[in-house]
Amino acid sequence: MITHEVAKSGRWGRDAVMGTSSDKSRFDWLVAWAAVTAVGMCVALYLVFAYAPVEATMGIVQKIFYFHVPSAIAAYVAFTVSCVASAVYLVRGNARADVWARAGAEVGVIFCTMVLISGPLWGRKAWGAFWTGEPRLMLTLVLWLTFVAYLVVRRVGGPGEMTRRICAALAILGVVDIPLVRYSVQRWRGNHPRVITKGGSGISDEMEVALLAAFVVTLLLMVCLMAVRVRIGSAEVESDVLHRRLARVRRRQDALARGSLN
Amino acid sequence: MNRPQRCRLRAGLLTLALCGTMLAFAGTASADVAPPEPQLYGEEVGTPGSGFVPAPDGEGENINGGALMLAAYGVFWVLILGYVGTLASRARRDSAEMGALKRQVTDLEDRLDEIEKGA
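Taken in sequence, the protein lines are chains A and B. To convert, note that position 143 of the first sequence is 896 in the working numbering; the numbers rise steadily by one, no gaps. To convert, note that position 100 of the second sequence is 1087 in the working numbering; the numbers rise steadily by one, no gaps.
Rather than coming from a laboratory, the hints here were simulated on the basis of the structure. Any given hint could be a false lead.
[What the hints assert, rightly or not] If the Cβ cut is set under 8 Å, some of the chain B residues that face chain A in the computed set are: (1) Arg995; (2) Leu996; (3) Leu1088; (4) Gln1091; (5) Val1092; (6) Leu1095.
[Claimed, not checked] Chain B stretches covered by chain A per the calculated footprint, using a threshold of three residues with CB under 8 Å from any CB of chain A: (7) 1050-1058; (8) 1068-1077.
Just so you know, even glycine gets a beta-carbon here, dropped at the ideal spot from N, CA and C.
Build the full structure now, drawing on both the sequences and the hints.
This is the structure we're talking about:
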């Protein structure tokens, strides 16, 4: 299905890897995006470490919060992209949707890993323990494991249609966990602090500015990584198409050789 | 999907199921342990008469928050830079493979076209 579609409308894949003019413009766009992200990252780090004050109760370890929370949001966005793209793939068999689904899962796992590592480091100081069995932590771990499973199955299952469909279903199932993670603190009692609520944030103005900058730059970084991953994914699809084309040409060569022998 | 791919997929799924079961048991075991009481920001902890015994001077646990923060930011950068490096190497490999494949296909097709014309 994928091969047929790419053969029919494979311009996006070929452009991504064959060095055409549109590839060059896409590359420039990505470089500009990466440059903006790098500058934004420097500004955000300045705001976090020089502008925002040190928190009174927890001290310097609270600075983890400025990238812990945005990383969690970036992971949710990436996983949601993977889910939507997976649904599109299941309905339409669209090759581009499959590439987006895989990119979303991969980038989401990177950000979710950050959340699962930075959170316990913060918890060691705030709670006196790296890990507790509270709902949000366990649900985040389940979310991470679901998408790690997605990536493992994609890797060991090869490029077959069945693997893609199993993974698409896994991505859709995994995203069901996100609202549970989000509302677990409100629904079930846990240790997780509720700094940002409907009534506003419980942090100072300087901290809010730093948090906002970290949010923006983390989302820029997530989009940048996903765009690069999509470009590589489209190259992989195009590579499959070329392999098939090569096999066809070799069959033609064999047929010609047999014809000349006869 | 051919047979070796099916076997690999089955082995991967079994490994995942095993890991998931082990983690579920670990989660249940850790859930049996009562979590510490929630601590709210700005709330006074250890007020007189709450039953806590103060540690003698200098013997209290002192967790180095700076080291934890550095570790968290270190992990953040290692993950991001590691992933960017992986993407760069994949892009280079794909680009080289695509170039070689495209040349191979074009050469073969041109040669076959010439042979067919000659015939």
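The hints, checked one at a time:
no.: 1; hint: Arg995; verdict: holds (5 Å)
no.: 2; hint: Leu996; verdict: holds (4 Å)
no.: 3; hint: Leu1088; verdict: holds (4 Å)
no.: 4; hint: Gln1091; verdict: holds (6 Å)
no.: 5; hint: Val1092; verdict: holds (5 Å)
no.: 6; hint: Leu1095; verdict: holds (5 Å)
no.: 7; hint: 1050-1058; verdict: holds (count 6)
no.: 8; hint: 1068-1077; verdict: holds (count 4)
Of the numbered hints listed earlier, not one is contradicted by the structure.
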